[in-house]
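Chains as they are written, first to last, in the working numbering: chain A, 2 to 269; chain B, 2 to 269; chain C, 2 to 269.
You may find that some hints are simply not true.
Chain copies aren't distinguished; within one or between two, either way the pair holds.
BS3-like mimics (lysine-lysine), calculated; alpha carbons at most 27 Å apart, straight line [to be verified]:
hint, residue 1, residue 2
1, 238, 81
2, 238, 186
3, 237, 81
4, 237, 194
5, 194, 238
6, 88, 238
7, 237, 88
8, 81, 194
9, 186, 81
10, 237, 186
11, 88, 194
12, 186, 88
Hints are computed from structural coordinates only; laboratory data are not their basis.
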Amino acid sequence: MPQSAESIWANVTQIRNQAPLIHNITNFVVMNNTANALLALGASPAMVHAPEEVEEFASISSALVVNIGTLDATFVSGMKLAMPQAKALGKPVIFDPVGVGATTYRNQISEELLTLATPDIIRGNASEIMALAGLNSQTKGVDSQHSSYAAIAAARRLSLMWNCTVVISGASDYIVRGNQQATVKNGHPLMTKVTGMGCTATALIGAFAAVNSDYFQAATYAMAVMGIAGELAVQKKPAPGSLQLNFLDALYQLTETDIDARLNLTYA
Amino acid sequence: MPQSAESIWANVTQIRNQAPLIHNITNFVVMNNTANALLALGASPAMVHAPEEVEEFASISSALVVNIGTLDATFVSGMKLAMPQAKALGKPVIFDPVGVGATTYRNQISEELLTLATPDIIRGNASEIMALAGLNSQTKGVDSQHSSYAAIAAARRLSLMWNCTVVISGASDYIVRGNQQATVKNGHPLMTKVTGMGCTATALIGAFAAVNSDYFQAATYAMAVMGIAGELAVQKKPAPGSLQLNFLDALYQLTETDIDARLNLTYA
Amino acid sequence: MPQSAESIWANVTQIRNQAPLIHNITNFVVMNNTANALLALGASPAMVHAPEEVEEFASISSALVVNIGTLDATFVSGMKLAMPQAKALGKPVIFDPVGVGATTYRNQISEELLTLATPDIIRGNASEIMALAGLNSQTKGVDSQHSSYAAIAAARRLSLMWNCTVVISGASDYIVRGNQQATVKNGHPLMTKVTGMGCTATALIGAFAAVNSDYFQAATYAMAVMGIAGELAVQKKPAPGSLQLNFLDALYQLTETDIDARLNLTYA
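Work the whole structure out from these sequences, hints included.
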């Protein structure tokens, strides 16, 4: 078995055994799905956004996942308190800049959050990563207008600028930290027909980062598990409604053999 | 093949090819389902409600869908900015007055929104359409207390009052614009046992209106596709949990033959 | 047939016939699931939280369910208006203190709500019930750190303190009112791998309380139906994605025979 498959499986086992508490400040569309995906993987999800309690909650959690999908003033206030607190406590912070590039508000809030407390890991599609890196990519809603490959330079720039790991998800996923690069070619195009699959990937990264302090590795392993569970789900039935539930089942039933048989991970 | 089935299929194909961006300001209960239904149909959904960005977002979208299901002050502020902006830019605006008639607040907000920016299409159940037309129908929660047929006069009145297309959904769906009337007898009663099927219909109308500027036609075609996908789903398994996912699968896998074989559309 | 099974079935039949309107002020994660569970059971759900309308809405509903899962200032304002109004009108009020014990804010709000308008029924996991009874249990997120049995004394204390029925859900569910106690040993551990199953139980209690004014009985019967539907769902497929939809199907298709064959209810 390749060493990576073994390491991924070790992390999955740790998540299942420790059930790390993952604090999510995320969007209304995906709260249910990402909570279920975290549970299926073995983690313990919590969705907590109120400014009155996010700092206290960040202190009992093992990772913080911030997602701006349906942001508004209340949620932004919560993010601005939770992120510095999680950072101060050494908890991994994962940021998902949904739709950045689409509106001035999303650009401003993303910039403010990054400046206030740099995330350890950023995950977005190619358009979002390019927009966040200041390349003035126009984002059309939440779907990428670019292939993930086209955003590698932007990801590297972003990684160096903020000293963090950057994940570009797409047909191929690229994970970048400084000069390190991993490529995951797992997953299936039908996953783009289910809302919030990207947000789910970000949440799973949170679970892996809670048990693996090498965040480049954590992000890479999470993307691999995400893609493999997606493949297993599509194999059951290639249709988007069924995919949602088969994805959760696959995540829950995932074995070392599944990872070993399907992993398509290379380091550049 | 009847001409209507061919036209509906042409619209479905356009949606699949163009993936129009549909801007939704909708309720918390159905955000996930309507996003997934829009994706399964071939459109690109976005849920964006913050007053800080809805105008900018309306300008990059192909249609605006406003739904008051779980309205509150923040969402209402967003609706009041987005609707006039979408209208000013000539984008179709679709309005779903969930629960109007149940509370004074819903009545007031609906009236304010209609006055501020008349929607091109309004979809509701019989009680909601009657309440909105000022017929003082008591709405009990979100479920209709009247058959859709009983609301046709109210729909006509509403259509003339606001110069828009009005859809009454129910066992039979009636689509009314001035003196024009279409009747769609597709769908299945079990669809009332899944939350948000009405809201999903409204979202699909948004997708059809994005590719068909005859909004009476767009609304009619959307209701037909909604009903046909529902029938296909119930045929798979007549139970409400399964219906949810089979509906998404059916929408994604919908063929011209399905429409041709099942369409029950008449013009009065 | 044991008398209890017959009584439970009588209540299910009443819910199906009367379709009582259940007013929920609940969290973003579970709104969709709990609405669908109430529909599958036969009730009519509504999710309404705006301070501008909750009092009016409480007056047309048959029960009020309040859940603090993703609470924030807007939702708390709605809760503080709806609860006293529902109480004043003699409507059953059911309270779900999600995550109480995890943060000071949750503790304070829970205390304020209980003081303002004592719920008729409180449902939580063991950690939540112990925290609410002032036993200083540390809650880790939303998952219990204690067995439900360990919380019986806390439940009794809480019941006497607030003169209400208290439900501890877990591997065994305990329903306590003063010196009365019922134990339900239905359900399956896999239900803990689906988000919001506890919240769904609370919502179903609302439906039973709407047709059965003996709230101790109503809570007990709801927990039994919840557990039995869960068992039937797991039997179909032991995986968490499938469980979600099979649970809804089971609830919708539930028969008197299912209850009779599976009910594991004892009174202590």
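Results of checking the hints against the structure:
Neither within a single protomer nor between protomers do residue 238 and residue 81 lie at most 27 Å apart by alpha-carbon distance, with minima of 41 Å and 42 Å respectively. Taking identical chains as interchangeable, the C-alpha atoms of residue 238 and residue 186 lie at most 27 Å apart only when both belong to the same chain, with a minimum of 20 Å there against 30 Å between chains. In this assembly of identical chains, the alpha carbons of residue 237 and residue 81 never lie at most 27 Å apart, being 41 Å within a copy and 44 Å across copies at closest. Taking the shortest alpha-carbon separations for residue 237 and residue 194, both the intra-copy value of 16 Å and the inter-copy value of 21 Å come in at or below 27 Å.
For the identical chains of this complex, residue 194 and residue 238 are neighbours both inside a copy (13 Å) and across copies (22 Å), given an alpha-carbon limit of 27 Å. Taking the shortest Cα distances, residue 88 and residue 238 never come within 27 Å of each other, neither inside one copy (41 Å) nor across copies (41 Å). When the C-alpha separation of residue 237 and residue 88 is checked against a cutoff of 27 Å, the pair qualifies neither within a copy, at 40 Å, nor between copies, at 44 Å. Taking the shortest Cα distances, residue 81 and residue 194 never come within 27 Å of each other, neither inside one copy (32 Å) nor across copies (30 Å).
In this assembly of identical chains, the alpha carbons of residue 186 and residue 81 never lie at most 27 Å apart, being 34 Å within a copy and 44 Å across copies at closest. Taking CA atoms no more than 27 Å apart as the test, residue 237 paired with residue 186 passes inside one copy only; the shortest distance there is 19 Å, against 33 Å between copies. Proximity of residue 88 and residue 194 under a CA criterion of 27 Å is satisfied in neither setting, with 34 Å inside one chain copy and 29 Å between copies. Neither within a single protomer nor between protomers do residue 186 and residue 88 lie at most 27 Å apart by alpha-carbon distance, with minima of 31 Å and 43 Å respectively.
When the structure is compared with the earlier hints, violations turn up for hints 1, 3, 6, 7, 8, 9, 11 and 12 and for no others.
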